[in-house]
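There are 4 protein chains.
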Amino acid sequence: MGAIFVVLLELSVTPLGKGGSVSAYVARCLAIIDASGLEYELHSMGTILEGELDEVLDVLKRCIEDLAKDNDRITCSAKLDYRQGHRGRLRSKIASVENTLGRKLGTPREA
Amino acid sequence: MGAIFVVLLELSVTPLGKGGSVSAYVARCLAIIDASGLEYELHSMGTILEGELDEVLDVLKRCIEDLAKDNDRITCSAKLDYRQGHRGRLRSKIASVENTLGRKLGTPREA
Amino acid sequence: MGAIFVVLLELSVTPLGKGGSVSAYVARCLAIIDASGLEYELHSMGTILEGELDEVLDVLKRCIEDLAKDNDRITCSAKLDYRQGHRGRLRSKIASVENTLGRKLGTPREA
Amino acid sequence: MGAIFVVLLELSVTPLGKGGSVSAYVARCLAIIDASGLEYELHSMGTILEGELDEVLDVLKRCIEDLAKDNDRITCSAKLDYRQGHRGRLRSKIASVENTLGRKLGTPREA
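Residue numbers (my numbering), protein chains in the order written: chain A, 18 to 128; chain D, 18 to 128; chain H, 18 to 128; chain P, 18 to 128.
The shape of chain A in the complex, shown without the other chains (with noise of 0.2 Å):
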């Protein structure tokens, strides 16, 4: 595989048993993310970031753990992106799709 295992790594921990409130939990995660010094996006539903195979499983890893220290149940859900060769990709995929449309396209945290 050569040096460089970029991926893509969207993720979103949840505790199931906590009310229908969770963001605490979610800037928990959040706090490890930061920490980590990947880069990362956080959206509505969700957080991506950018890394080594194994720094963003690592991170994944470190976030469940965390929330189990107060947590009985928690669901994750991720989606895993590799593509070779290719980094900078939190930014280059949505490029990609607005130049073929020839236009910006909704985006709220900009508003």
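Please keep in mind that the hints were generated in silico from the structure rather than gathered at the bench.
One should not assume that every hint holds.
Note: identical chains are not told apart, hence a pair may lie in one copy or across any two.
In the EDC-like style, the derived pairs of lysine to aspartate or glutamate whose C-alpha atoms are separated by at most 16 Å in a straight line are [stated by the list, open to error]:
id: 1; residue 1: Lys-78; residue 2: Glu-115
id: 2; residue 1: Lys-78; residue 2: Asp-51
id: 3; residue 1: Lys-121; residue 2: Glu-56
id: 4; residue 1: Lys-121; residue 2: Asp-51
id: 5; residue 1: Lys-35; residue 2: Asp-89
id: 6; residue 1: Lys-121; residue 2: Asp-83
id: 7; residue 1: Lys-35; residue 2: Asp-51
id: 8; residue 1: Lys-35; residue 2: Glu-115
As the structure is a computational prediction, the values presented were derived from the model and not from experiment.
Fit chains D, H and P to the given chain A structure using the hints.
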């Protein structure tokens, strides 16, 4: 349930047999989503729509039917989040996490 | 697309505010799925339906609407797989992998 | 957390650029999973492993690395379910739903 049943739907629709670059197909879905009039956010792993349950599922259906015109195999992952009486969550969920941590979080689109 | 548009839909519907045990809510969804008349398979992380695109999305919608009667927050993950002209894939996809490997694979339900 | 941190991990690893039939690649992942010694269940939309958090993430990593040897683009969806102090959930989660409904549910593998 009352009159309002607003959800967030995150979806990602991908043809399997068209090589490693699928941005042309993602762009076709985004054209459908954009024309729906629903609020949405495109990120690097999918698109998030906000709307009535019926509305967002109808958009999902039309994206798949459109790609099926020239693709024999399509995979789609989706995640749905319902919270009674809440609207505008494309923005408010992120704000809630940022408020808990007391700072803005990594958001490549604004860089 | 012609008359037949059969897909596999895997879904998992979970209320967030009802503690760590959610099997009573899963059972309510299964009652809806079972009554739909569609072929389905329950596994330990979700349920897979086979049917027309319209049919499976309608079942998904009814599951969410049913749980929303007494849950303020619901999360649902789903995955859809379309393959033109194929039907009966609840069984054939597994058989295809087992044929490639030349043996039966771990299937706890049969133990 | 103590010594035991058992989770269910559902995963589905798919190369994007190899046409509509990907069963040969799924079979390679299943060979890795089968050799891991972990309990697992193959279903028509993915495979579910039960094991320590470290163990299941290591299997996920090795599946992706293996397919990356001859695939430029790979997508992987995963879902993880942790419940403190529970083991053997590949079977017990299904039994719990069936007990609630008082009957066996559709399970094509047994037909």
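Evaluated hints:
1. Proximity of Lys-78 and Glu-115 under a CA criterion of 16 Å is satisfied in neither setting, with 34 Å inside one chain copy and 22 Å between copies.
2. In this assembly of identical chains, Lys-78 and Asp-51 lie within 16 Å of each other by CA distance solely inside one copy; the values are 15 Å within and 23 Å between copies.
3. Taking CA atoms no more than 16 Å apart as the test, Lys-121 paired with Glu-56 passes between copies only; the shortest distance there is 14 Å, against 22 Å inside one copy.
4. Taking the shortest alpha-carbon separations for Lys-121 and Asp-51, only the inter-copy value of 11 Å comes in at or below 16 Å, while the best intra-copy value is 27 Å.
5. Taking CA atoms no more than 16 Å apart as the test, Lys-35 paired with Asp-89 passes in both settings, with 10 Å inside one copy and 13 Å between copies.
6. For the identical chains of this complex, Lys-121 and Asp-83 are neighbours neither inside a copy (38 Å) nor across copies (22 Å), given an alpha-carbon limit of 16 Å.
7. Taking CA atoms no more than 16 Å apart as the test, Lys-35 paired with Asp-51 passes in neither setting, with 24 Å inside one copy and 30 Å between copies.
8. Taking the closest pair of Cα atoms, Lys-35 and Glu-115 never come within 16 Å of each other, the shortest separation being 39 Å inside a single copy and 20 Å across copies.
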